[in-house]
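Chemist: Residue strings, one per chain:
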Amino acid sequence: MAIWCGALAIDRWRLGEGCAAGEGADAQPLALIADTAHGPRITAANRAGVQSGACAGMMLADARALCPQLAVRPADPAGDLAFLESLALWAQRWGPWSAIDPPDGILVDTTDAAHLFGGEAAMLADAQRLLARRGLSARAAMAPTAGAAWALAHHGPDGALLLASDEDMASRLAALPAAALRLDDDVLVLLRRLGLKRLGDLTGIGRDALARRFRTRRSPAANPLTRLDQLLGSVPEPLLPVIGVAAPMVQRRLAEPIRHRALLDRVLADLARDMARLLEAQGQGARRLELGLWKVDGEVLVRRLEMAAAARDPAHVCRLFAARLDDLDAGFGIELARLRAPWTEPLVMAQAELDAAAERHGTSLAACIDRLTVRLGADAVRRPLPHASHLPERAQRWCPPLMAQPGAQETLDFHARPLKLLDRAEPIAVIYEAPGGLPRLFRWRGHVHEIARAEGPERIAPEWWREKSTVRLRDYYRIEDSTGRRYWIYRHGLAGDGRGGAPEWFLQGLAP
Amino acid sequence: MPTSTASTALPPGLGMPARTARWRPGLAATCHHTEVFASSAEASGAGLALALAIDALRAAAADPAADVPDERAWLWVQDKAALRLSGRPYRPGLPATLRHRLIHVAADKPEDALFALEEGLRCRDLAFVIGEIAGNPRALNFTASRRLSLAAEKHGVPLWLVRLDARRDLGSARMRWDAAPAPSQPPRWNPQAPGAPSWAAGLFRAHTFQPGQWILRDDGLVPHGRPHGKLVAELVSGPNASPPDHGDLVRRAGDRPLAAG
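Here the protein sequences come in this chain order: A and B. My numbering numbers the first residue of the first sequence as 170 and each following residue consecutively. My numbering numbers the first residue of the second sequence as 427 and each following residue consecutively.
To be clear, the hints were calculated from the coordinates, so they are not data collected in a lab. These numbers come from a predicted model, not from an experiment.
Facing chain A, according to a computed beta carbon distance under 10 Å, are these residues of chain B, among others:
{"id": "1", "residue": "L474"}
{"id": "2", "residue": "D534"}
{"id": "3", "residue": "A619"}
Every beta carbon over 12 Å from chain A, so not counted as near; a handful from chain B, in silico:
{"id": "4", "residue": "R484"}
{"id": "5", "residue": "P495"}
{"id": "6", "residue": "D595"}
{"id": "7", "residue": "S598"}
{"id": "8", "residue": "V658"}
Each residue gets a CB set at the ideal place from its N, CA and C atoms; glycine is no exception.
Use the sequences and the hints to build the structure in full.
Modeler: Written as structure tokens, this is what we have:
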């Protein structure tokens with residue numbers, strides 16, 4: 170459904186004056202003017218003004234020459250647009266979505282909503298009746314597409330109704346002028362010069378010829394073919410809907426008018442708490458707050474507050490308002506207090522209390538591991554659990570940190586083990602080997618170590634049931650060098666075991 | 427107690443009576459942030475930190491009649507360089523009372539290691555936290571160290587931070603140890619074998635104790651050691667023997683004598 174308020178500016182002025190059409194101040198010729206670089210220019214004129222010669226776009230001086238008694242008022246395009254927006258929201262009574270069509274139209278998506286009003290014709294009649302009751306001179310039309318409804322509202326008969334079940338849409342709309350396509354002025358002039366004045370003329374000639382002549386694809390308003398397709402519904406036309414956002418508001422009616430500051434602070438604290446709850450439910454925080462206080466004698470006191478960032482903390486709001494309430498004159502008392510948040514911004518929930526508790530009492534182990542795992546990854550936080558293997562590097566297995574220890578038999582702590590194990594055993598270069606088979610001097614990481622005391626060997630055979638037969642055994646020694654550094658080294662293999670060349674030495678563990 | 431040498435080395439205004447105490451094993455931990463400087467080519471730093479942690483844990487157990495043993499977990503945080511240089515904790519080599527309670531964190535970067543340390547210090551369910559960070563990463567500046575100190579003191583979780591191959595830069599640790607290995611005493615039954623761990627430990631900066639040099643032995647640290655073995659200290663040089671070294675107060679001046687220029 171398209172609604173076209175052809176005389177929106179004049180209607181607004183008339184409603185502001187409080188007079189009916191053609192009566193009172195509206196009976197005299199009047200024009201709304203806007204100041205331009207070349208002097209005042211008329212933007213709209215009422216019926217008497219149009220009859221006396223004034224029309225939109227005319228210079229005021231020319232109109233005054235025709236009609237010296239022409240009254241003027243300044244135009245208010247911003248107010249018109251705001252009125253149109255509120256009218257679009259009001260028009261959502263006929264459909265869930267409505268879009269404004271500047272400067273003076275509204276489009277309402279009434280798909281599947283007509284049966285609530287008793288059919289399309291009844292809905293259209295309802296719209297015309299309600300618009301007339303508001304004192305607006307508006308024309309409404311309904312059609313299967315927004316473009317067709319717009320064309321009918323602007324250029325068709327009043328109350329035009331085009332149903333999808335009707336006969337061919339193109340033939341019904343063929344009599345409308347080319348301006349019904351919502352084209353730019355220069356395109357309209359071009360079409361008029363080409364002799365294409367009606368929609369039927371456009372469909373009469375070949376589509377290829379029009380496509381060659383109008384190549385602009387970027388703006389639909391510059392391409393009659395695109396507009397024609399939108400009109401007939403073969404190309405979708407998205408509308409930008411108007412969505413009403415209600416400012417969160419809380420209020421308290423007071424049984425007894427309050428005159429003292431302490432009571433007002435209490436009321437304000439209650440209001441701020443209610444507002445915080447309301448905003449929290451919406452996931453919003455207030456940027457601007459308005460506190461309105463209605464006094465017994467009818468006067469209203471308003472205090473506004475603007476915040477640097479979206480906030481809803483009641484204590485914060487109360488503290489900010491406290492400074493603004495000092496110069497308040499309660500008079501005979503305040504009977505209604507209302508807090509509005511005209512400007513809100515999304516503000517995510519913050520677990521302030523939980524965090525503060527963690528700050529005071531420390532986190533639990535699970536929470537600590539959660540935090541560590543989230544940042545470092547699950548593989549970084551682990552605990553060692555014993556594993557049934559006698560190979561040193563397989564005797565422990567890294568598991569999730571809170572995993573329960575599996576039942577295992579008591580380990581035999583007969584052999585000492587180092588405190589730390591290198592991920593890969595590092596080879597050591599034996600400089601001088603003692604006759605017993607143990608090195609006397611060896612080099613590791615560039616430093617020469619002289620073995621002072623040693624215990625071993627502790628022979629650890631490979632796990633033959635899971636490894637190849639060529640894997641060599643290891644002879645482990647606990648050693649301490651001349652400066653007291655204690656290591657765990659092993660000889661990989663035996664001389665003449667038939668599984669490789671001369672045995673090599675490795676350093677695997679570091680003892681405390 | 428003659429405090430003449432200490433008083434000449436100290437700036438005026440620091441509480442002298444509090445400083446006159448001499449550190450010994452078995453004192454309840456009054457400081458919650460301790461740094462141990464050690465070389466990465468041996469496990470003496472981690473070993474000393476662990477021995478001190480166990481010692482403090484034993485001293486802090488106030489109620490001897492408590493029938494539930496302390497089963498709180500403990501955290502061992504290593505950054506990647508420390509992990510590569512000095513290896514991973516090895517469960518069979520840990521003391522029997524601690525090995526089943528270990529939670530190990532392998533952090534990629536020193537920043538992550540510091541984050542893990544701080545989160546661990548904030549956790550009320552941890553007995554203590556051991557950190558191992560190699561070198562002097564840019565992230566471990568005085569501010570980060572101060573953050574760790576404050577977190578440890580606020581939540582009462584002690585932190586032993588092992589600094590591998592690190593310069594003695596500015597830090598807010600209340601006690602700073604220097605750990606080096608010392609030849610162990612020969613075991614009774616096999617004099618040719620390495621004995622219980624021993625370290626030449628130097629307390630070169632402390633808030634409430636006099637600096638000194640000790641030979642520390644802990645025969646409870648090795649798994650097959652005596653079950654009630656504890657940390658034993660043998661004073662090598664105390665405040666009488668050598669003046670305390672306060673050189674670490676100045677960046678880059680710590681590792682060499684100030685007179686060396």
